[in-house]
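Model the full assembly from the supplied sequences, consistent with the hints where possible.
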Amino acid sequence: MSLQLGEKHFSSAQPESAARRIVTFKVGDRTFGIDVGMVREIKGWQATTPLPHAAPHVRGVLNLRGVILAVYDLRTAIGLGATDATATHVIVVVDVEDKTAGLLVDSVSDIVDVPVSAVRPAPELERDEHGLIEGLVLLDTDIVALLDLAAVIRDGGAEAQIKTSRAA
Amino acid sequence: MDPLAELKQTFFQECEELLGALEQKLQALDEGSVDPEDVNAAFRAIHSIKGGAGAFGCTELVGFAHVFEASLDHLRSGRVAVEDAPFTLFLRCADAVADLVSAARNDEPATERPDLLAALEQVGKEPQPPIAAAPPPASDPVAPAADNDAPIGIAALGNLLAMVEAKTAAPAAAADDGWDDEPAAASAPVAGKPGRDVQLRIAPETDLFRRVIEPRVVLGSLPAADIVSIRCDMSQVPPLESLDVSDCWLRFDVALRTELSIEDLHGRFDFSLANEEFEITFAEEAVTEALPASGPEAAEPEVSSAVAADLSAILAMLGPAPEAANEPDIKPEPAPVAVAAPVVVAEPAVARAAPRAPAAPDASARQRQAVSVRVDLDRIDKLMNLVGEIVITQSMLVECVRSLPYDVHAKTAEGMLTLSRQTRELQDHVMAVRAQPVKAVFQRMPRLVRELAQTLGKEVRLVLEGENTEVDKTIIEELADPLTHMIRNSMDHGLETPDERIAAGKPREGTIRLIAEHRAGRIVISVTDDGRGIGRDRLLAKARSRGLVGADERLQPEEIDQLIFAAGLSTAEVISDVSGRGVGMDVVRRNVESLGGRISVDSEPGRGCKFTLALPLTLAVLEGMVIRCGDDRYVIPIASVIETQHLASTPIERLPFGQEVLRWRGEVTPLYRLGDVMGSMGTTNENIVIIAETERGNNVGIAVDEIVGQQQVVVKSLEANYGAVNGASAATILGDGLVALILDIDSMLRLAASASRSPQSDLKMAG
Chain H
1 MSLQLGEKHF SSAQPESAAR RIVTFKVGDR TFGIDVGMVR EIKGWQATTP
51 LPHAAPHVRG VLNLRGVILA VYDLRTAIGL GATDATATHV IVVVDVEDKT
101 AGLLVDSVSD IVDVPVSAVR PAPELERDEH GLIEGLVLLD TDIVALLDLA
151 AVIRDGGAEA QIKTSRAA
Chain G
1 MDPLAELKQT FFQECEELLG ALEQKLQALD EGSVDPEDVN AAFRAIHSIK
51 GGAGAFGCTE LVGFAHVFEA SLDHLRSGRV AVEDAPFTLF LRCADAVADL
101 VSAARNDEPA TERPDLLAAL EQVGKEPQPP IAAAPPPASD PVAPAADNDA
151 PIGIAALGNL LAMVEAKTAA PAAAADDGWD DEPAAASAPV AGKPGRDVQL
201 RIAPETDLFR RVIEPRVVLG SLPAADIVSI RCDMSQVPPL ESLDVSDCWL
251 RFDVALRTEL SIEDLHGRFD FSLANEEFEI TFAEEAVTEA LPASGPEAAE
301 PEVSSAVAAD LSAILAMLGP APEAANEPDI KPEPAPVAVA APVVVAEPAV
351 ARAAPRAPAA PDASARQRQA VSVRVDLDRI DKLMNLVGEI VITQSMLVEC
401 VRSLPYDVHA KTAEGMLTLS RQTRELQDHV MAVRAQPVKA VFQRMPRLVR
451 ELAQTLGKEV RLVLEGENTE VDKTIIEELA DPLTHMIRNS MDHGLETPDE
501 RIAAGKPREG TIRLIAEHRA GRIVISVTDD GRGIGRDRLL AKARSRGLVG
551 ADERLQPEEI DQLIFAAGLS TAEVISDVSG RGVGMDVVRR NVESLGGRIS
601 VDSEPGRGCK FTLALPLTLA VLEGMVIRCG DDRYVIPIAS VIETQHLAST
651 PIERLPFGQE VLRWRGEVTP LYRLGDVMGS MGTTNENIVI IAETERGNNV
701 GIAVDEIVGQ QQVVVKSLEA NYGAVNGASA ATILGDGLVA LILDIDSMLR
751 LAASASRSPQ SDLKMAG
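Line by line, the protein sequences are chains H and G. Mapping to full-length UniProt numbering: the first sequence position 59 is 59, numbers consecutive. Mapping to full-length UniProt numbering: the second sequence position 194 is 194, numbers consecutive.
None of these hints come from the bench; they were simulated from the model. In this text, all values refer to a predicted model and were calculated from it rather than measured experimentally. There's no promise every hint is true.
Said to hold, decoys possible - To spell it out: a stretch of chain H is covered by chain G in this simulated footprint if at least three of its residues, at any positions, have a beta carbon under 8 angstroms from a beta carbon of chain G; those stretches are:
1) 46-54
2) 62-76
3) 99-106
From the three backbone atoms N, C-alpha and C, an ideal C-beta is built for every residue, glycine too.
In structure tokens form, the structure reads like this:
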């Protein structure tokens, strides 16, 4: 069961004024967002195959219609420990740079239009040492942290492995 | 892409093959072959390049090739003995031709090579016709009519086009332009000749060839002495992709000055053409006649004038495609031969017009051409992907069926078995389509060595072995770069100068061996030189100064050698433009590893150095053993597996520093527990040991929980969406849709080693 978010639904409806269309999702009580254009599809949790000596937030790899992609646990990435994944958890399949990756989150909340001017730079968070947060958006109820997906994924790749294997 | 550009591209592809053949033959001759067929083949190659180049207006290429061809012709004719021929010069010229071809291909300005041209001019006693006269491409590229022996292809088409153009543009002047050896008769004295001017339009039906009639016969029935000009109108010829080669689309306009009556003319075509297929117009009267013909057969026409020579040459050009006529359907792109194809067999006219034709056509080469097909790699890739999906679906089906009740299962079993055999065969065949001999890459290397030898002032002999070893196309493409780097490295750093070699008691000439072979399901390519070997002291000093190796760290000699693959290390005293910037071997290693391959070096000081490159035969599928360890399943390439056995039956011993070993066939074999190395989840109860072979031929034992089965798996890249994974070369999708890692024994061992060693000595895997 997966929800396809094709461009055809949204790009034509893109307002003329500078606005960003954001997909928001939850990890615990926090809300995160990414540009809708980066989202390829959203699917239910599916078992992954762990990778040896990978960074902790690299959950493993899965088969998406013949393509193998890595799934990153956002909860681990932001320092809240590993997700105990169940059928209700969600993998957001995203295109980052030239790669496809999965982002394990608790649930997908909404799609919102945000004026570019409403995006504030992320405060220098001491705990965000990898620069995962690109900016913040204040909605009525929530603060949405916009993710720098490249940073989330870069840290899981080969470089991080060398770091960890060196430290080992 | 427009048809011409497409033709041009095909021409350049052919050029590559021709250049390869040229170089190979020259090399063979240089090494002492006296086979006249080698000379002929070299000549034909350059000749075909010249012809095609002319058709596409590559003036510089034509000019150079012309002089080159002329020099080679001296060898062919025996004016220069093969033993005395300057093959070094010829090889350099072949390189220059390759440069000109690539310049033409990329639309870059060509580099002039007056030095080589001048040297070529000196070959042979007689002075060569100066190419400086640089006739325009349309008239110069006219080749010796020996084309019927050239490989039929675009190049030959080029010749044809060029000839037709030349003939039609200047029929009278054409006889002395070098492409036939008929004595250049005076231009036909048309004006003074008695008779009437007649225009003949010959427009045969498209079924002409099927009536077993050819233009040569039709035109040959005219008295040759009366022919003023013949123009071949090819405007009707349809685009190549829609051309049926058994259709005739050629039209001819013939100008005659003749005393024959209209009835006589009719009579001459009586047996070959229907009345509506030709039209006779008298210049003065402008009357079109269409009377039924009744005249007697004409006598055998005389062939004597310059125009007649033209005629026979055109006929010769129309003749040289018997192969194409035999196998018109096999080539998917009959383009090169299409225009010439319909005409049946070369006749004495050919021999007359082509006295320089090489004696023995290369029958086997023709055979190959006739049955080979050029297919876009994309199409094969699509096929390959599809087959990959089928393989996964098939193994999924097998698992489904197994869970069915026995009676259902039994009924389907045979079908499933057949299906799996057929799937496998299908896959093998698709793979075979993509396989190519490594020759495609190897044959670029002699040139590299030649040029480097000159630059570096070294004397080098390159020995190639196993050129026919086949690997998947995907691998072929990836071979060129690492090989180039390895050879550069050997030539620059490994081999000494001639003086140094003599001082060291070695022969002046260094030897580099480039050897390809299949081993353990991989292609292993080694580059061995007999030079000075790796300067370990210098290498180590450099690594220390860069902080890659700790000052107090002790390294084994082999470990020092591996430093050559560390980033930013170069030990050359003089940084040359050949290598020495220190960006060589580390880049090579990274590229090779990203392909699931490995590169290693063995060096013996003073004796030489050997780089070994091991790559998978294909990047697409492999035969694997599926194993389980804890909760995780892995695939071990069957090619690496030597034997499996129960761990209980083999005594395990523990070495002082903790490494477990087992005795296997009387040898001490290190044992690794897969669960520990790969960090598998779940409890492990390792009671099976798999004896596997590493690239270097050592054996290791790998303890696992269970052998699940054996199957062909489709290799899926981990790098595409993630990155390299230590211990695994790639991943695959098993029948249940889950991903399993494909283990890479060597990489796994390094992973195990890195876990037990200090981070600093971990340099070669992390750096």
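Subject >> Broken hints, by number >> reply: Checked against the structure, no hint fails, so every one of them is satisfied.
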